[in-house]
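So the protein lines, in turn, are chains A and B. Letter by letter, the first sequence follows residues 39 to 438 of this note's numbering. Letter by letter, the second sequence follows residues 39 to 438 of this note's numbering.
It is possible that part of the hints are untrue.
A pair holds if it fits inside one copy or across any two, identical chains being indistinguishable in the list.
Straight-line Cα separation of at most 35 Å, DSBU-like style, residue types lysine-lysine; simulated pairs [to be verified]: (1) K87 - K381; (2) K87 - K115; (3) K381 - K99; (4) K381 - K292; (5) K292 - K365; (6) K365 - K87; (7) K199 - K381; (8) K234 - K292; (9) K99 - K115; (10) K114 - K99; (11) K234 - K199; (12) K114 - K87; (13) K99 - K68; (14) K87 - K99; (15) K46 - K331; (16) K199 - K68; (17) K68 - K292; (18) K234 - K290.
It is worth saying that the hints were derived from the structure and are not from the lab.
Protein chains: 2
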Amino acid sequence: MSTLTISKRGTQMPASPIRKLVPYAEAAKKNGVHVYHLNIGQPDIETPKPMMDAVRNADIKVLEYSHSAGNESYRKKLVGYYQKLDIHVTANEIIVTTGGSEAIQFGFMACLDAGDEVIIPEPFYANYNGFAVAAGVTVVPITSTIENGFALPSIEAFEQKITAKTKAIVICNPNNPTGYLYSKEELLLLQALVKKYNLYLFSDEAYREFCYTGNHFSALQLTDIEEHVIVMDTVSKRYSACGARLGAFVTKNKEVYNAATKFAQARLSPPSFAQIAAEAAVDLDEHYFEGPKAEYLARRNALVARLNAMAGVFCPNPGGAFYAIAKLPIDNSDDFCQWLLEKFSYQDQTVMLAPATGFYGTAGLGKQEVRLAYVLNISDLEKAMDCLEEALKVYPGRVY
Amino acid sequence: MSTLTISKRGTQMPASPIRKLVPYAEAAKKNGVHVYHLNIGQPDIETPKPMMDAVRNADIKVLEYSHSAGNESYRKKLVGYYQKLDIHVTANEIIVTTGGSEAIQFGFMACLDAGDEVIIPEPFYANYNGFAVAAGVTVVPITSTIENGFALPSIEAFEQKITAKTKAIVICNPNNPTGYLYSKEELLLLQALVKKYNLYLFSDEAYREFCYTGNHFSALQLTDIEEHVIVMDTVSKRYSACGARLGAFVTKNKEVYNAATKFAQARLSPPSFAQIAAEAAVDLDEHYFEGPKAEYLARRNALVARLNAMAGVFCPNPGGAFYAIAKLPIDNSDDFCQWLLEKFSYQDQTVMLAPATGFYGTAGLGKQEVRLAYVLNISDLEKAMDCLEEALKVYPGRVY
Numbered sequence: 039m040s041t042l043t044i045s046k047r048g049t050q051m052p053a054s055p056i057r058k059l060v061p062y063a064e065a066a067k068k069n070g071v072h073v074y075h076l077n078i079g080q081p082d083i084e085t086p087k088p089m090m091d092a093v094r095n096a097d098i099k100v101l102e103y104s105h106s107a108g109n110e111s112y113r114k115k116l117v118g119y120y121q122k123l124d125i126h127v128t129a130n131e132i133i134v135t136t137g138g139s140e141a142i143q144f145g146f147m148a149c150l151d152a153g154d155e156v157i158i159p160e161p162f163y164a165n166y167n168g169f170a171v172a173a174g175v176t177v178v179p180i181t182s183t184i185e186n187g188f189a190l191p192s193i194e195a196f197e198q199k200i201t202a203k204t205k206a207i208v209i210c211n212p213n214n215p216t217g218y219l220y221s222k223e224e225l226l227l228l229q230a231l232v233k234k235y236n237l238y239l240f241s242d243e244a245y246r247e248f249c250y251t252g253n254h255f256s257a258l259q260l261t262d263i264e265e266h267v268i269v270m271d272t273v274s275k276r277y278s279a280c281g282a283r284l285g286a287f288v289t290k291n292k293e294v295y296n297a298a299t300k301f302a303q304a305r306l307s308p309p310s311f312a313q314i315a316a317e318a319a320v321d322l323d324e325h326y327f328e329g330p331k332a333e334y335l336a337r338r339n340a341l342v343a344r345l346n347a348m349a350g351v352f353c354p355n356p357g358g359a360f361y362a363i364a365k366l367p368i369d370n371s372d373d374f375c376q377w378l379l380e381k382f383s384y385q386d387q388t389v390m391l392a393p394a395t396g397f398y399g400t401a402g403l404g405k406q407e408v409r410l411a412y413v414l415n416i417s418d419l420e421k422a423m424d425c426l427e428e429a430l431k432v433y434p435g436r437v438y
Numbered sequence: 039m040s041t042l043t044i045s046k047r048g049t050q051m052p053a054s055p056i057r058k059l060v061p062y063a064e065a066a067k068k069n070g071v072h073v074y075h076l077n078i079g080q081p082d083i084e085t086p087k088p089m090m091d092a093v094r095n096a097d098i099k100v101l102e103y104s105h106s107a108g109n110e111s112y113r114k115k116l117v118g119y120y121q122k123l124d125i126h127v128t129a130n131e132i133i134v135t136t137g138g139s140e141a142i143q144f145g146f147m148a149c150l151d152a153g154d155e156v157i158i159p160e161p162f163y164a165n166y167n168g169f170a171v172a173a174g175v176t177v178v179p180i181t182s183t184i185e186n187g188f189a190l191p192s193i194e195a196f197e198q199k200i201t202a203k204t205k206a207i208v209i210c211n212p213n214n215p216t217g218y219l220y221s222k223e224e225l226l227l228l229q230a231l232v233k234k235y236n237l238y239l240f241s242d243e244a245y246r247e248f249c250y251t252g253n254h255f256s257a258l259q260l261t262d263i264e265e266h267v268i269v270m271d272t273v274s275k276r277y278s279a280c281g282a283r284l285g286a287f288v289t290k291n292k293e294v295y296n297a298a299t300k301f302a303q304a305r306l307s308p309p310s311f312a313q314i315a316a317e318a319a320v321d322l323d324e325h326y327f328e329g330p331k332a333e334y335l336a337r338r339n340a341l342v343a344r345l346n347a348m349a350g351v352f353c354p355n356p357g358g359a360f361y362a363i364a365k366l367p368i369d370n371s372d373d374f375c376q377w378l379l380e381k382f383s384y385q386d387q388t389v390m391l392a393p394a395t396g397f398y399g400t401a402g403l404g405k406q407e408v409r410l411a412y413v414l415n416i417s418d419l420e421k422a423m424d425c426l427e428e429a430l431k432v433y434p435g436r437v438y
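Make a model of the complete structure from these sequences and hints.
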């Protein structure tokens with residue numbers, strides 16, 4: 039007779055590394071302290087009005103299931119969207135997903151079995167861990183370092199991690215949490231690697247539109263390894279539409295596509311309202327991204343300048359996305375981020391940051407690092423930096 | 039070195055048993071034949087206007103992530119919805135999910151490990167198979183029979199299936215695909231069983247509002263086994279809003295709730311537009327369901343009468359949902375359903391049905407049975423029945 043316990047994976051499943059700080063933020067607010075939220079990737083940029091208007095004006099009598107792969111009209115639009123980026127795919131190589139999250143899940147489920155290993159440069163998006171636990175897959179981290187701006191680790195370092203169980207490499211480009219933008223040369227190194235070892239290359243390109251130090255080179259632009267590549271995509275950050283929950287799973291590998299389709303059929307369809315909004319987004323003025331991109335760039339410049347001007351702080355200049363990781367003169371980033379909320383305020387204000395420990399797979403790493411999401415306007419960012427600067431002067435766990 | 043193959047679970051994942059017929063339906067339509075779709079549970083009832091208006095009128099600047107468990111305002115409304123049904127839960131016992139599908143996934147993931155067994159009365163909703171494969175869980179079917187209207191199999195029959203690996207029983211009440219409405223007495227038998235063997239009881243109550251032969255008794259109304267019960271819920275059928283993709287995972291078991299919360303956090307949040315629509319739905323006039331329910335009841339009566347009037351056909355009278363399973367005088371339901379689309383037409387019309395084989399876990403069962411979803415108006419239903427009646431007269435595989 040079994041006992042009534044939750045599953046092992048339910049136990050192993052990591053709690054969100056950021057959300058454990060939420061009660062402290064709530065307490066601070068109750069005490070009248072204003073909290074600048076640099077801890078999550080929820081952009082403040084307005085969702086484009088044409089997206090909202092499309093939903094408003096939709097003439098829907100019955101809100102029906104869509105096709106499991108998403109509305110064909112939307113997938114065809116997406117083909118055009120990718121084409122403008124010199125990425126050439128067909129509507130039958132795209133499955134519209136419920137957020138980028140589901141695209142990651144489909145990739146793991148369709149390509150990997152329990153016990154398989156995926157190599158991921160760390161620090162990495164913490165929820166990869168969760169999806170790996172759900173799929174019974176082992177994440178093998180390979181450390182990238184703040185000293186060289188979190189560039190791709192050497193191919194030799196990758197090769198040392200490859201075992202008989204290795205089945206895929208996951209990259210996020212540009213990267214959450216580091217903001218690093220992988221170069222075409224780095225992608226070509228990965229191309230040779232996945233071909234040599236016959237691995238899948240999962241490329242999470244959620245932040246594709248926001249590149250500041252060069253052009254984005256998509257894994258779908260790698261020739262000769264089309265069968266190996268799966269791109270996970272989303273409209274969440276692209277159009278400041280995180281609540282839509284709409285993403286895409288893109289691959290030219292027919293067998294993988296067909297397997298993912300079966301997982302897509304089991305959950306019936308992606309959300310209908312979001313598809314209407316996203317279809318309108320593809321038709322946005324071609325200059326639409328210039329505004330948000332310029333705004334993020336200005337914020338990045340302001341944030342990084344402020345950070346590097348603080349004594350003992352180092353922040354490499356991120357090439358994309360809207361995150362930066364900074365090394366701080368502190369003993370422990372978890373303690374520090376909690377202390378900022380629980381014990382500290384400056385002019386009745388404080389800042390909420392994400393301890394970088396939650397983004398490393400290797401225990402003990404990230405203790406001097408925090409992730410900052412520049413999702414607030416420059417004026418607020420400056421005030422948040424004022425708080426951080428003052429905090430570092432008085433934090434009891436400061437190290438020199 | 040691994041080879042580039044899809045996962046075992048990607049191979050094992052069942053394809054939708056209905057969708058394989060879709061190409062034949064499309065070909066029929068191209069040939070000018072009108073196809074009555076009784077094959078899927080996509081209701082034709084209009085989505086309530088207040089739901090659509092709420093989305094239309096929402097003043098959203100940034101379409102943000104919601105809380106991972108869903109907006110608190112919506113969860114509080116849901117508490118009131120359940121209360122009116124004499125189901126007493128709190129907002130912190132509800133996780134808003136992306137469709138009922140995700141609620142099932144959360145239940146499997148939080149409670150079951152790979153290798154665990156779940157017992158499900160068959161015929162059952164085919165996608166339970168898919169979610170089980172994704173979770174590495176084994177479905178142990180227990181056969182219910184058309185002769186007694188697909189009533190709950192005997193407790194002795196359940197006990198014969200229970201092994202050391204059994205961790206849960208899944209019911210769908212009222213049932214898809216049979217339309218059977220479990221009685222309070224049957225629920226009480228299950229209560230004693232799950233208590234005796236310390237099992238979870240997963241109750242999928244997607245069709246709760248549509249009961250014709252008695253009142254619905256929810257698994258959440260079972261006292262004394264609160265820790266064992268997880269209810270999977272959805273607005274899809276309740277409000278004819280399948281495309282919203284919004285459901286709920288409800289349990290009083292804190293440990294299970296907390297584990298499911300971690301899976302919910304990994305995927306960030308349920309869709310925002312849908313939550314706005316669903317929140318408005320809870321405020322619908324208290325008589326709202328009377329219209330759809332009366333319509334489904336009239337359709338059920340018309341459908342079942344027509345079926346039982348056909349020579350050699352038997353259809354038990356379903357107590358709820360909007361499905362019926364009929365036993366037909368045919369050799370093979372898969373062949374028959376394909377033949378209806380590929381080879382048959384009556385006055386340039388035909389009917390698409392779901393072969394019941396796809397709803398059985400035991401190979402070989404359901405070969406004389408089809409599922410009919412009464413999701414068309416009575417006039418169309420009558421014409422669909424005309425087609426079926428004529429088809430049975432000329433089907434080459436008819437058995438006597």
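Inset, instruction - Report the numbers of all earlier hints that the structure fails to satisfy, in ascending order. - result: The structure breaks hints 1, 5, 6, 7, 15 and 16; every other hint is satisfied.
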